[in-house]
Structures are given as structure tokens and as C-alpha cells.
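Novice: For reference, the chains in residue letters:
There are 2 protein chains.
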Amino acid sequence: MAFGFEVKGRCSTNLARLGTLQTSHGSVQTPCFMPVGTQATVKTVGSEDLEKLGFELVLSNTYHLSLRPGADLIERLGGLHKFMSWPRALLTDSGGYQVMSLAHKRRVSDEGVRFQSHLDGSELFLTPERSIEIQGQLGVDVSMALDECPPYPCSRDEAAAAMARTHLWAPRNLAARREGQAVFGIVQGGVHEDLRRESAEAVTSLPFDGFAIGGVSVGEPTEMQYPVVDLAAPLLPDDKPRYLMGVGHPRDIVHAVAAGVDMFDCVLPTRMARHHCVYTLQGRVNAKNAQWAEHNGPWDTGSTFSATERYSAAYVRHLFQADEPLGARLATLHNLAFYALLMEDIRRAITEDTWPQLEAKYKDA
Amino acid sequence: MAFGFEVKGRCSTNLARLGTLQTSHGSVQTPCFMPVGTQATVKTVGSEDLEKLGFELVLSNTYHLSLRPGADLIERLGGLHKFMSWPRALLTDSGGYQVMSLAHKRRVSDEGVRFQSHLDGSELFLTPERSIEIQGQLGVDVSMALDECPPYPCSRDEAAAAMARTHLWAPRNLAARREGQAVFGIVQGGVHEDLRRESAEAVTSLPFDGFAIGGVSVGEPTEMQYPVVDLAAPLLPDDKPRYLMGVGHPRDIVHAVAAGVDMFDCVLPTRMARHHCVYTLQGRVNAKNAQWAEHNGPWDTGSTFSATERYSAAYVRHLFQADEPLGARLATLHNLAFYALLMEDIRRAITEDTWPQLEAKYKDA
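One line per chain: the protein sequences are A and B, in this order. Residue numbering for the first sequence follows the working numbering, starting at 1 and increasing by one per position. Residue numbering for the second sequence follows the working numbering, starting at 1001 and increasing by one per position.
Honestly, the hints are just simulated from the structure, not real lab data. Since we're looking at a predicted model, the values are computed, not measured. Some hints here could point you the wrong way.
To be verified - Some but not every residue of chain B turned toward chain A, in silico, with C-beta under 7 Å: (1) Thr1044; (2) Arg1068; (3) Leu1077; (4) Asn1296; (5) Tyr1311; (6) Trp1355.
Claimed, not checked - Simulated restraints on C-beta separations: (7) B:His1118 x A:Gly26: 45 to 53 Å; (8) A:Leu168 x B:Ala1290: 39 to 47 Å; (9) A:Lys105 x B:Gln1291: 15 to 23 Å; (10) A:Pro87 x B:Gly1054: 24 to 32 Å; (11) A:Leu119 x B:Glu1220: 42 to 50 Å; (12) B:His1118 x A:Ser109: 35 to 43 Å; (13) B:Ala1290 x A:Gly78: 53 to 61 Å; (14) B:Asn1296 x A:Pro234: 29 to 37 Å; (15) A:Gly78 x B:His1275: 23 to 31 Å.
We put the beta carbon where it would ideally sit given N, CA and C, even for glycine.
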């Protein structure tokens, strides 16, 4: 089935939309959260766990997979869905962000990015064409265009230069598509209103299948993130999915949905779990803390999660104290369930037009 | 329900028995294999996984649990079953073996073992009474008597001394029982036929609920293990369960069942999995080897396992190469499934009296 998107409902008090992404690996209810499966696995959990948690779209990383095990191998084995045994939809990033944050000896030119693998130092060259080709080999449902994401903080000139290169590359991404390959364009422009407007105009003039807000959640304080999202989201076409890359905390997701964003990914729930931090409606708590030593039930989340409700906080604290790998797994399942429930609550709040109650529920999360 | 054991069938060609253990946490079909959950968790897997794999009895370690999180805490929280959310039967060892292999500054006397915790150096004293008391606090279905297990190699005098102390302690274990606490006695005697006979006679004269063959699989070559098992198993009462501690390879289990053993535990399937070794009917293979790089199905085991059959050997190889924690988990599930299937095959071979075919199937495993 070809890629498609439909808006099915709206909030009366803000720009939140309820929608459905159509992909050849099933439909995805939006607003949605994508767990991050960097190396073709969401750390500590299997595809059967993600299915049970109800996720319909998972993100994986082009940079990591192209280095190991390699896109050629995954293509020969039947594509990324088959490789990781994930029957539902997949999205990959372009690899650009990881090249800038992980790779060595980067040299960016208008042609592309030359860099050395962080694994073995081998010299590689990533271009818009190559990124789209790799993502085509992986066979994912949504490919992301290669852009240049400037670091934070950066000067206005640097933000403008990265934006200009992003615009230069945008049509090259589209031209490299395989038949039927859905590609999202990315809007840059940093924290500068005029650049964001210029970038939205340039990128949305091209026939991408969806649009992402890039350059957010790259280290800036949250109070700078909200105005950018409030500005950038409504600049994107109403009839295409909008994806806020790398965000974020539950309350940040609630805010961005109200600004009109449909899709999210973030390493927080999975990374925090490995550092024994678990989400509750009162904020994140340290699962290793003595306060849980005799807590004979799950953490208080305002709900129960079938993923981990059979285990007590006392037990998971013991697992972390004893360096048992099951601790990180149970905390990961808990946090992913928290995010799955958050997105369910968000979609219900749009359907039932009860946004103030939703905002109140997650204000501390 | 009180603890009980019933022999339900026998092989016509050897001493193998089919039986049922009755416990207040359900019945256990024997011959059975107990996964090792040292710190109240079988490493990388949850209780729901063990239930799905069909295990009915899990072993945990008194030494580890008494140090962390402590038997008092587990008792206050409702016992070990509730703590690890395991509704089926549990067995704990006495802690003696771990004190001898892990603890510091051990001093064994007729009274008990004085030692320092390997975690924080605190001085502790383990006696038969204390071991049985701790296991009673944990609330397990089968407690093991504290014995003295000599290392291998050791002199005949050392084996005899350890045996004598084991006999001295045996009645003290029984005297320390709580109402209804089932306790197994342990036979020592090393590799010496006369000592094994003497030990079996002494220990089985006491009203234990089952009997274990100790001091096997402590470092001796396999060719020395088989004669000890062949000798020791038939010396144990026919109407009580027989447990061979710490064994072993699949072929060793097949051999011991044929000698009349009903119960097994071993860290091999779980420990090997964490070292990327997986069981197949052709023996263990290294899941990281290049031979699996493009193997687009599960490892060949003569069967499929629902636990891991959806994942290819190529994928699990990638997980290990990329240091992803899911690799150890999937290999652990695979190996535990291999052992679960082994025990199922063994019980079927007794029921159908087809032992030679079973032996042939597992001769290389």
C-alpha cells in the first residue's frame, strides 16, 4: 500500500490533530511516538515486546546500520523489517545527525559529508543520494532526507549556512528515491524566526511525503524549544504528517502536539531506563533509591502496565542493586509503556476534546 | 499442598523414571531441569518468559539472596515467590557451595562456616540451622541441607573429612525445619566408591524429603563423573526424588536420567548464552561466528522454539557484534528452550520406552 496520511480529527482549543499514516506495513495512529532502535533493536527489548506495547512505528539509525551490519547485507537478507522481525512500520533517519555527533574527522561540503567510522576509522562519504539509497536498501516505510543540523549553540551565520545547505540537498534527496520510497523533508533555521519561515517555505515547496522540524532538542534549553515548535509546526502543510525530531519529555510532547505535531522519537524513555530512571506522573524517579526498598507494588503511574505490573518496585530496585540485566529491561518496558499510554491519552484527549485535563495530567512528567 | 513425590513410569532398558513432584506451588514433571536464578532472576529473562518456556521449578541461591537484598526483607515482602513474581515451585541451595567458591576468609568448623561477604567484607556465620532458617524465610518449596562440598581435586582424607562433617550436619538441618518445610539431604564422598556408599547409607537413614548427589560437576573430568553417578543414584531411595546438583551438558543429563536421577540444575545454558554460545543438536556453536552472518533462519536444533524462532541467526550475530543486550537475552531464551525440549524429549522417551533414539539424538549435545 502506498504511503499516505489523513487527518481524522482536531482539538477545538489548539492545533492538535488526530490522524492515520498509511504504510505498506500497516497503519499508524497519530500523534505517535517512535521507540528508538538504533542498531535494529530497541535496547533490551524484542519486537514481540514492542508489538505487545502497541507501537506501530519504530525508528532505526541509518548511520549505525550502514556501518554494521551494512545495508547490502540487510538488503540481501530481505530488508530491515525481516532482519529485526518487525512486521509494522519503520522509519530511518538520514544518518546526518549521527555523522555529526559520532563520526570522526568530519568534513562537510556542498557535495556531502566525508567522515571516518567511529567503529574502525574507515573513510566514508555520505551524500543525499547515498543516504536515500541506503534507506531504500533497508526497505523502510519512511526515509528522512539528509540535512545539515547545526549544533547548539551556533551563530546566526552558522544556522543560516546549515539551512542553505539543507535546501541545496533537499531536491537531491527526492531525485534519489526508489519507486514508491516515501521521503520526509526537514526544516532547519535554528532559533531564528525569519530563518525558520524561509526554511519552511523552501522545503515545503518540494513534493516530500511529510515534513520534519529539525534542529530542535540539540542541547538548547526547553524555554527556547517551545517558541520554535509553536512557530515551525503551523508553517508545515496541514495535509502532510509533521514530525518533531528528537523530542522529548512527556510534557514537551504534549506541548508540541498542541502546536500541530504528529510524530515524535526520543531516546529518553529507553536511555533513562538503563540509568535506572523510571517515569511516573510525578516526574522521573530513581528506581535504585532506598525509598523503593520495601515498596511491594509497581511504581505509581496513575495506571497499571501489563508489561511490568507483576513486578514490584522493590524487586526492580534489587535487580539494579545486583547489576542484573533484567532491571534495565523491566525499566525499559515500563518507560515505553508510559510513553505508549501518553500517546493513547493524547489521542483520546483529541477525540474527546478534553485537552486541559490531559495537560494537567502530564504537567509534571 | 504438602510436598510429595510419585514415580509414574519407568524405562524397560535402564533406571530412568518418570515422576511428579507435588508442591504447594504446583506439580513438577520429572525428570526436570531447573534454570538457575542466582539473585532471584534467571539472568536476562523474566518470570513470564520462564512460564512460557514451561519450567515448573526454578533454583535460586541462598548465599546471594541472604547478602542482598536479605532474607528478612524478602520475608517481609511475602517470600521469594512473590518477590520475583514466580508462581510455580522454587528450590534454593544451602549457600554452602557459594560460601566455598565466592566468600572470603572462610573458616570451616564443626559448628559451621565463618566467612566474609564478597560484597562488603562483613563477617557472617553459616550453620545448618541458619541455612534452613534463611530458606524458610524465603518460603521456597524445597530447601537443601547445608553440607561440606570438597573441591576437586582433593585427597581421599579431605573427601572423607568433608563427608563426615556433612553427616554431622545432616540431622541439624532436619531439626531446624519449619512446619511443612521440605528439605533434601546431600550425599558426598567424592570419587571414592566406599565413601559414596557410606554417605548414602548415613544420609538416607534420615527422614529427608529427597536426596541429592553432591560433589559432582565440581571440576572433575566427565569420565570420572559418570561412574560416580552410576554408583550413587541407585543407592538413593526409590520413592524419593533424586537430584544431581550442578549437572550439566545435555548428554550428561541423558546419562544421569538413565542412572535414575530426577532433577537437575546447571548454569551452562544461561552462562554460555551470555558468552554467545548456543546449543544445537550438533553441539554448542558460537553465535558470533562469521558462518552465521547471512544465515536467514534460526540455528538448526532439530526443532523450532517459539521463544526465538522469529529471529535469524544473522540477526542475533549482529546483536552480539554490536554489543546489544538483546543478543544475550535471545541466546538465553534459545538455550533454555533447548533444555526444556531436552527434558520433554527425555520424559517422552521414558513414556514411550524409546531410550536408544533419545540417546542418539542428543549424543553430540
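Novice: If a hint holds in the structure, say so; if it doesn't, say that too.
Specialist: Evaluated hints:
1. Thr1044: holds, 5 Å
2. Arg1068: holds, 6 Å
3. Leu1077: holds, 5 Å
4. Asn1296: It holds, given that the least Cβ distance between Asn1296 of chain B and chain A is near 5 Å, below 7 Å.
5. Tyr1311: holds, 5 Å
6. Trp1355: For Trp1355 of chain B, the interface hint is violated, since the closest Cβ of chain A sits about 36 Å away, which is over 7 Å.
7. B:His1118 x A:Gly26: 45 to 53 Å: holds, 51 Å
8. A:Leu168 x B:Ala1290: 39 to 47 Å: holds, 41 Å
9. A:Lys105 x B:Gln1291: 15 to 23 Å: violated, 34 Å
10. A:Pro87 x B:Gly1054: 24 to 32 Å: About 26 Å separates the Cβ atoms of Pro87 of chain A and Gly1054 of chain B, which means 24 to 32 Å holds.
11. A:Leu119 x B:Glu1220: 42 to 50 Å: With a Cβ separation near 43 Å, Leu119 of chain A and Glu1220 of chain B satisfy 42 to 50 Å, so the hint holds.
12. B:His1118 x A:Ser109: 35 to 43 Å: violated, 57 Å
13. B:Ala1290 x A:Gly78: 53 to 61 Å: Distance hint for Ala1290 of chain B, Gly78 of chain A is violated at roughly 20 Å.
14. B:Asn1296 x A:Pro234: 29 to 37 Å: Distance hint for Asn1296 of chain B, Pro234 of chain A is violated at roughly 46 Å.
15. A:Gly78 x B:His1275: 23 to 31 Å: At roughly 29 Å between Cβ atoms, His1275 of chain B and Gly78 of chain A fall inside 23 to 31 Å, so the hint holds.
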